[in-house]
Structure formats: structure tokens, C-alpha cells
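Asker: The chain contents come next:
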Amino acid sequence: MEIITNAMRQLAREGLENGLDIIIGWEDGRFEWQSKPAFITEINDIESLNFNNYSLKNLSGYLLKKELKDKKIGIFLKGCDYKAYKQLVNYNQVDPENIQIWGIACPGLKERDFHGNTSNAERCQRCQEPVPEELETIIGKKEVAIQNSPEDKYQDVKKLESLATDERFDYWKDQISDCIRCYACRNTCPLCECTTCMLAGGDSNSDDWIDSAKEFSQDFFFHSIRAFHQAGRCVDCGECEEVCPVDIPISKINNKIRHDIENLYEMPEVADDDSVMGPLLDFREDDPEPGSKGGKENA
Amino acid sequence: MLKLDKNKLQDFLKAIEEEYQIQLPVKKADQTDFCNFEDTLKPNKGLEIDLNTRLSVKSPKSYLFPRSESYLEFKKDNERLDFKLKELTGKANLIFGIRNCDQESFKILDKVFLQEPVDQLYKRRRNSTITVVARCLEQSETCFCQLFEIEPAGSETGADLYYYNYNDGLYFTAGSDQGELILSDYSQYFKSVEPEIEKKLNQEANQFNGKITADSDNPLMQNKPELLYDNKEAIFNSDIWQELANRCLECGICTYLCPTCHCYDIQDYSADQSGERYRCWDSCLFSNFTEMAHGDNPREETYQRLRQRFFHKLVYFPEEQEESLACVGCGRCLGSCPVNIDITEVLALAGGVIND
Chain A
1 MEIITNAMRQ LAREGLENGL DIIIGWEDGR FEWQSKPAFI TEINDIESLN
51 FNNYSLKNLS GYLLKKELKD KKIGIFLKGC DYKAYKQLVN YNQVDPENIQ
101 IWGIACPGLK ERDFHGNTSN AERCQRCQEP VPEELETIIG KKEVAIQNSP
151 EDKYQDVKKL ESLATDERFD YWKDQISDCI RCYACRNTCP LCECTTCMLA
201 GGDSNSDDWI DSAKEFSQDF FFHSIRAFHQ AGRCVDCGEC EEVCPVDIPI
251 SKINNKIRHD IENLYEMPEV ADDDSVMGPL LDFREDDPEP GSKGGKENA
Chain B
1 MLKLDKNKLQ DFLKAIEEEY QIQLPVKKAD QTDFCNFEDT LKPNKGLEID
51 LNTRLSVKSP KSYLFPRSES YLEFKKDNER LDFKLKELTG KANLIFGIRN
101 CDQESFKILD KVFLQEPVDQ LYKRRRNSTI TVVARCLEQS ETCFCQLFEI
151 EPAGSETGAD LYYYNYNDGL YFTAGSDQGE LILSDYSQYF KSVEPEIEKK
201 LNQEANQFNG KITADSDNPL MQNKPELLYD NKEAIFNSDI WQELANRCLE
251 CGICTYLCPT CHCYDIQDYS ADQSGERYRC WDSCLFSNFT EMAHGDNPRE
301 ETYQRLRQRF FHKLVYFPEE QEESLACVGC GRCLGSCPVN IDITEVLALA
351 GGVIND
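Protein sequence lines, in the order shown, are assigned to chains A and B.
Residue numbers are given in my numbering: position 224 of the first sequence equals residue 224, and the series is strictly consecutive.
Residue numbers are given in my numbering: position 135 of the second sequence equals residue 135, and the series is strictly consecutive.
Don't take each hint at face value.
As the list claims (entries may be wrong) - No farther apart than 30 Å at their CA atoms in a straight line, the calculated lysine-lysine pairs in the DSBU-like style are these:
{"id": "1", "chain 1": "A", "residue 1": "Lys158", "chain 2": "B", "residue 2": "Lys28"}
{"id": "2", "chain 1": "B", "residue 1": "Lys42", "chain 2": "B", "residue 2": "Lys14"}
{"id": "3", "chain 1": "B", "residue 1": "Lys45", "chain 2": "A", "residue 2": "Lys158"}
{"id": "4", "chain 1": "A", "residue 1": "Lys214", "chain 2": "B", "residue 2": "Lys123"}
What the hints assert, rightly or not - With the C-beta cut set under 7 Å, the calculated list includes, among others, these residues of chain A facing chain B:
{"id": "5", "residue": "Pro37"}
{"id": "6", "residue": "Asn187"}
{"id": "7", "residue": "Asp247"}
What the hints assert, rightly or not - Estimated spans, in silico, between C-beta atoms of each pair:
{"id": "8", "chain 1": "B", "residue 1": "Gln115", "chain 2": "A", "residue 2": "Ser217", "range": "28 to 38 Å"}
{"id": "9", "chain 1": "A", "residue 1": "Thr165", "chain 2": "B", "residue 2": "Asp177", "range": "48 to 58 Å"}
{"id": "10", "chain 1": "A", "residue 1": "Lys141", "chain 2": "B", "residue 2": "Asn52", "range": "36 to 46 Å"}
{"id": "11", "chain 1": "B", "residue 1": "Gly90", "chain 2": "A", "residue 2": "Met198", "range": "28 to 38 Å"}
{"id": "12", "chain 1": "A", "residue 1": "Glu136", "chain 2": "B", "residue 2": "Asp296", "range": "42 to 52 Å"}
{"id": "13", "chain 1": "B", "residue 1": "Glu48", "chain 2": "A", "residue 2": "Asp70", "range": "52 to 62 Å"}
{"id": "14", "chain 1": "B", "residue 1": "Glu48", "chain 2": "A", "residue 2": "Lys141", "range": "38 to 48 Å"}
{"id": "15", "chain 1": "A", "residue 1": "Phe228", "chain 2": "B", "residue 2": "Ala92", "range": "41 to 51 Å"}
{"id": "16", "chain 1": "B", "residue 1": "Leu51", "chain 2": "A", "residue 2": "Asn263", "range": "40 to 50 Å"}
{"id": "17", "chain 1": "B", "residue 1": "Asp30", "chain 2": "A", "residue 2": "Met198", "range": "24 to 34 Å"}
{"id": "18", "chain 1": "B", "residue 1": "His312", "chain 2": "A", "residue 2": "Met198", "range": "22 to 32 Å"}
{"id": "19", "chain 1": "B", "residue 1": "Thr89", "chain 2": "A", "residue 2": "Asp70", "range": "50 to 60 Å"}
Worth flagging that the hints you see were computed from the coordinates, not collected in a lab.
The C-beta atom is built at its ideal place from N, Cα and C for all residues, glycine as well.
Starting from the given sequences, assemble the full structure and let the hints guide the process.
Answerer: Written out as C-alpha cells, the structure is:
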């Protein structure tokens with residue numbers, strides 16, 4: 001961590017000296033188990049940059065902030081953050097010309113639950129690409145052990161798939177009923193890039209597709225539609241699940257879709273560049289339709 | 001003081017369940033939150049009563065001021081429009097095991113909703129709610145209730161019942177006539193308490209209540225909460241709001257978990273010929289919170305909305321409510337904000353503005 005922190009400060013200093021307007025990194029929070037995004041514009045503030053065991057926050061989403069438009073930005077991205085960044089570039093949401101990226105070989109981070117127990121972050125346990133290999137500058141030790149095999153990362157999804165439909169519905173009903181609709185999952189998602197969400201929070205509530213009332217049907221609709229909108233784009237950075245104050249296992253929804261995309265449609269979970277049509281844009285007559293009656297189960 | 005053996009707790013709760021709908025802290029997976037007592041009796045739910053965890057994920061304000069509450073039904077019948085107010089049915093709520101910070105937050109909500117014009121939806125719930133406070137004899141690292149002059153170990157009155165959670169028992173005292181009534185109506189569950197134990201517990205409580213104000217080391221208690229009130233203009237116009245806004249996600253976590261945030265919206269759920277009117281929580285961090293019908297928004301920018309939240313708690317509320325500050329120091333914002341924005345950080349930054 002110290003190696004990463006020192007390199008981070010060094011690069012940030014050079015960046016500001018060479019004309020960048022703002023550096024986005026992490027600094028320590030109030031407690032040892034916290035870390036928060038840092039926005040550095042002055043060389044004097046560089047020492048506050050710190051990468052610690054809890055620097056999970058995916059910073060790429062901040063590139064969408066309207067205040068940062070047209071600014072020259074330097075940003076630190078871990079493996080998962082970089083994957084999200086590439087999607088933003090694919091969808092023309094950010095201008096790479098204005099952005100200097102420094103990669104972080106992520107050693108795997110920790111998370112702390114409500115009761116104060118710490119463990120290896122779930123997102124890190126599923127991660128396959130902790131090091132953003134494509135980048136020119138990467139800080140930290142590049143040899144990082146992968147915690148789970150590509151298939152093992154779907155063990156949670158497979159456990160749920162093995163349940164009967166009723167049991168599965170009961171499971172999700174129980175989980176999603178806890179939703180307080182704070183929209184933190186959507187707001188923190190680097191790939192929820194719409195400036196106005198059609199589901200909720202539009203210019204006027206009457207334009208919203210979901211009702212503000214706290215009803216299971218509305219909560220369920222919110223979470224399922226959001227997951228579909230991320231199909232083929234979600235990079236499983238785990239931000240949504242991380243921020244959820246009531247611990248809804250949102251990643252399981254996204255990962256179910258990722259798993260299906262790969263298995264049923266033989267597409268990459270995430271399209272790496274814009275030459276590959278995403279699952280929501282591509283249609284083939286022989287597409288399997290396991291959800292509909294009489295639909296083909298497999299390709 | 002009367003003792004209820006912990007191994008009799010479930011029997012006692014089952015007995016009072018005849019009269020009350022009981023809500024209490026329950027451990028579910030990795031969290032602890034308030035839940036219906038009935039649900040803890042269902043074996044397949046995996047819920048376990050948890051009287052040890054200091055704070056619940058969400059504040060219990062939702063029992064007085066629900067996340068959403070439908071209160072009016074309307075129906076069109078030819079040229080006639082019929083309205084029907086929804087009655088509150090069912091037993092009174094008994095909230096068991098809330099902490100004194102949350103109990104004090106009810107006083108703040110009372111100021112908002114029970115002053116003229118009285119909010120009838122709130123009043124009817126408030127009048128049918130009994131609270132049982134668990135006295136704190138220790139604090140978590142995120143606690144700062146004493147900054148707001150709240151006594152964590154509780155006082156004599158305010159809640160209906162108070163208890164100490166000590167060794168194998170819960171040691172009760174009444175804080176209201178209603179509380180006295182519960183202790184006498186269900187006296188078969190309670191035992192008398194040896195005077196030494198009563199003295200010891202009261203002493204500990206007194207010590208703890210006075211302790212943290214004198215504790216200058218607690219990093220959360222370094223700045224007086226009156227800072228914003230006393231230096232409104234300088235702090236209102238300072239850069240700290242933009243600094244915080246840079247990382248704010250504009251989600252509703254802080255407002256929805258906060259025990260004193262009380263802003264709401266009124267909406268209709270309508271079908272062709274009929275519908276329901278409900279009110280639901282709203283958050284000043286949402287960009288459409290102050291969006292006007294004609295399209296203007298007086299708080300267009302994130303920093304304005306963030307500033308509003310803290311100014312409401314520490315400036316506008318005391319201006320209107322006899323200097324009462326609208327924070328109880330429960331620390332939920334400290335633990336739950338994904339980007340670590342909390343009221344003690346705001347005070348620290350504001351302190352920096354004043355000292356500069």
C-alpha cells in the first residue's frame with residue numbers, strides 16, 4: 001500500500017506540474033476502515049493522497065461530473081475501475097484526450113460489514129483482472145493472485161439458479177423488500193451515465209417510470225430494469241452492492257445477466273470495444289429464449 | 001427498578017403482544033435492524049433478536065413517519081368524486097430497545113409535526129406508540145450524541161420504559177404512566193432488584209452520561225455544533241460545500257437513515273377512475289427536490305443541496321425551534337455515507353473556515 005501511495009503522490013505531483021487541472025485519487029477517511037475519493041488541485045494537498053485497504057471506490061464514475069467537463073484530469077484506476085472507464089469511452093461519455101490515466105495493480109481490498117467484521121471484499125474475490133495491463137503506467141506489484149477461477153466467481157449465481165422458481169422469488173422478495181430507494185446503487189454506478197434517469201428522479205416525478213411509493217413491485221421493477229440496462233456493460237466492479245445501506249446483493253442480479261450473456265448468447269460478458277454489438281443491440285433469429293414458453297433453451 | 005431475566009424475554013414479549021405490535025432490533029445476515037417480533041418466531045426466517053448491537057441500520061423514525069403512507073382514497077363515480085380517509089387500524093406499536101439518541105430524535109420530529117398546524121398522520125401514530133429505551137453504558141466509535149447534550153444512558157422521563165442490559169437480566173424503570181402500567185400489568189415476569197445492583201447501575205449511568213463532554217480527545221467532538229449558527233454568513237459562503245460536493249453521490253442514504261430528516265413529498269397513485277394519495281420520504285440531496293413546476297430549480301447545484309441539508313439541521317431548525325439543533329449524534333451518516341460525508345466533518349471544515 002505504501003508503494004502505491006508514494007507512487008500515486010509522485011505521479012500526481014508531476015501531473016499538476018505538467019498542466020493537469022485536477023487529480024482524482026483516494027485519501028484516508030476518519031476511521032481506519034474508511035477511504036474516500038480525493039480531488040486535488042494544489043500541489044500542497046498532494047500528501048493527503050493515500051491508497052489503503054479500503055480504497056474500493058471506483059473513481060471512473062466521477063469523470064461524468066459536469067463540473068469536470070473540459071478539465072484536464074489525472075485519475076488513478078484499479079483493474080475494475082479501468083474496465084468501467086473503457087465502457088465510458090466506448091459509449092462516448094468521456095473524452096480520453098483530456099484524461100491521463102494511471103493504473104493501479106490492485107492487491108485486493110477489504111470491506112467491513114455493519115457489525116465491524118472485515119473480510120476480503122466480495123468484488124475482489126470475483127475479480128479476474130486486478131491489473132489494468134493495457135495501461136502504460138501501472139503502479140504497485142503486477143503479480144497479483146486471482147482469488148477465484150472465472151467459473152467460481154459465479155458460484156453465488158449458480159446456487160440461486162438451483163432453487164425452485166418459488167424459492168428464488170421468495171429470496172428476492174425478502175432481499176428487495178429492504179430497499180429504501182435511496183438510489184445510491186444507481187448514483188454510484190460508473191455506467192449509469194444517463195443525466196436523467198427514466199426510472200426515477202427525473203425533472204418531474206410524473207415523468208418517472210416508477211412510483212415513489214415504497215412498494216415491492218416498484219422496488220423490484222427498479223432493480224430489474226436497471227440490471228437489464230447494464231446488460232453487456234456491467235463490469236462487476238461491485239460499487240452498487242458496496243454502497244447499498246441495507247445490503248441488497250445487487251451484484252447477484254448483474255452477474256446472473258453476465259453469466260447468461262456469456263453462456264446463452266456466446267458473447268463476452270462485457271464488450272471490450274465498440275466493434276462488438278452488445279446483447280441489447282444485437283438480434284439473431286436463432287437466439288435462445290429460455291424465459292418464454294416454447295422458446296429455445298440453448299443456442 | 002425491576003428485573004426481567006433474559007431467558008424470560010421471549011415469554012414476556014409474547015404476553016404483551018396481545019396488546020401491542022412489537023418492533024425490536026433483529027439480526028438478519030450481516031446487519032441489525034428493527035423488525036416485527038412475530039417474524040423472529042418464524043424458524044425459517046433466520047432472524048435473531050439482537051439487544052447488544054448499539055445502533056440499527058435504519059432509524060426507527062419510520063414507525064412514526066413511514067417510508068410511504070397511503071392516506072386518502074378517491075373514486076370518480078359519474079360526475080361525483082368520493083374521498084375516503086384511510087383509518088389507522090391494528091394494535092399500538094411498541095418499539096423495544098431503541099437507544100436514547102433515537103428517542104431524542106422523536107422530540108425533534110414532534111416539534112415539526114405536532115406544532116400548529118398539527119400533522120394528523122403523524123399524530124395518530126405518535127399517540128399509539130410506546131417506546132422502550134435501552135440505556136447505553138458504552139459508546140461506539142461513531143457515537144457523538146453528547147455533542148448534542150443527549151445523555152446516552154437515558155434520563156428519568158421521555159420514553160415509556162427504560163432498561164439496563166446487564167449480565168443475565170434487563171433492569172427496568174418506568175418513564176411514564178403507561179410504562180408503570182406495563183410493569184404492573186405484567187408483574188409476574190419481573191423480580192425485585194437488590195439495592196446494590198440498582199445503585200451500581202445508576203452510578204455507572206450517571207458517570208457515563210457526564211463523561212464524554214469532558215472527553216476532549218474524541219475526534220468527533222472537537223467542534224461545537226453551534227458553529228454554523230454563530231457564523232452563518234461566513235460558512236454559507238465558504239468553499240467547503242463545493243469541496244464536499246465534489247465527491248457527493250447525491251443519493252438519499254444520509255437523509256433516509258437519519259433519525260431527524262423529515263422532508264416528504266405528496267403523490268397520487270392513480271388509475272383511470274380512482275386512486276390513492278400518499279406521502280413518502282423525499283431527500284434534499286435529490287436534484288428534483290426543489291424543481292418547480294415551471295422548470296426552475298433554486299438549488300440547481302450539488303453544493304447548494306448539501307449545504308441546505310446541514311444548514312437545515314444546524315441553522316434553520318434552531319432559528320425556528322428555540323435553538324434546538326436537529327441532530328442527535330447517532331452516527332449513522334458517519335458509518336453509511338459511501339464517500340464519508342458526515343456532520344462531524346462538516347463541523348471540522350466549518351471550524352477551519354472560522355479559524356482561517
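Asker: Does the CB of Pro37/A sit less than 7 Å away from some CB of chain B?
Answerer: 5 Å, holds
Asker: Is the hinted pair Lys214/A and Lys123/B satisfied, with a Cα-Cα distance of at most 30 Å?
Answerer: Given pair Lys214/A, Lys123/B holds - Cα atoms ~21 Å apart, limit 30 Å.
Asker: Are Phe228/A and Ala92/B spaced within 41 to 51 Å by their CB atoms?
Answerer: Holds: the Cβ-Cβ distance is about 43 Å, inside 41 to 51 Å.
Asker: Mind checking the hinted window 48 to 58 Å against the Cβ distance between Thr165/A and Asp177/B?
Answerer: Cβ of Thr165/A to Cβ of Asp177/B: about 53 Å, so the range 48 to 58 Å holds.
Asker: Per the CB criterion, is Asn187/A less than 7 Å away from chain B?
Answerer: 4 Å, holds
Asker: 42 to 52 Å was suggested as the range; check whether the CB atoms of Glu136/A and Asp296/B agree with it.
Answerer: Cβ of Glu136/A to Cβ of Asp296/B: about 46 Å, so the range 42 to 52 Å holds.
Asker: Lys42/B and Lys14/B: Cα distance at most 30 Å?
Answerer: 13 Å, holds
Asker: Within a Cα-Cα threshold of 30 Å, do Lys45/B and Lys158/A meet the stated pairing?
Answerer: 22 Å, holds
Asker: For the pair we were handed, Lys158/A and Lys28/B, check the Cα-Cα distance against 30 Å.
Answerer: With a Cα-Cα distance of about 23 Å, the restraint between Lys158/A and Lys28/B holds, given a limit of 30 Å.
Asker: Using the nearest Cβ pair, does Asp247/A come within less than 7 Å of chain B?
Answerer: 6 Å, holds
Asker: Is it true that the C-beta distance of Lys141/A to Asn52/B lies inside 36 to 46 Å, as the hint says?
Answerer: Because 41 Å falls inside the window, the suggested range holds.
Asker: Just tell me: holds or violated, for the beta carbon distance of Asp30/B and Met198/A against 24 to 34 Å?
Answerer: Given range 24 to 34 Å: holds, Cβ gap about 32 Å.
Going through the hint list in order, the structure satisfies each hint without exception.
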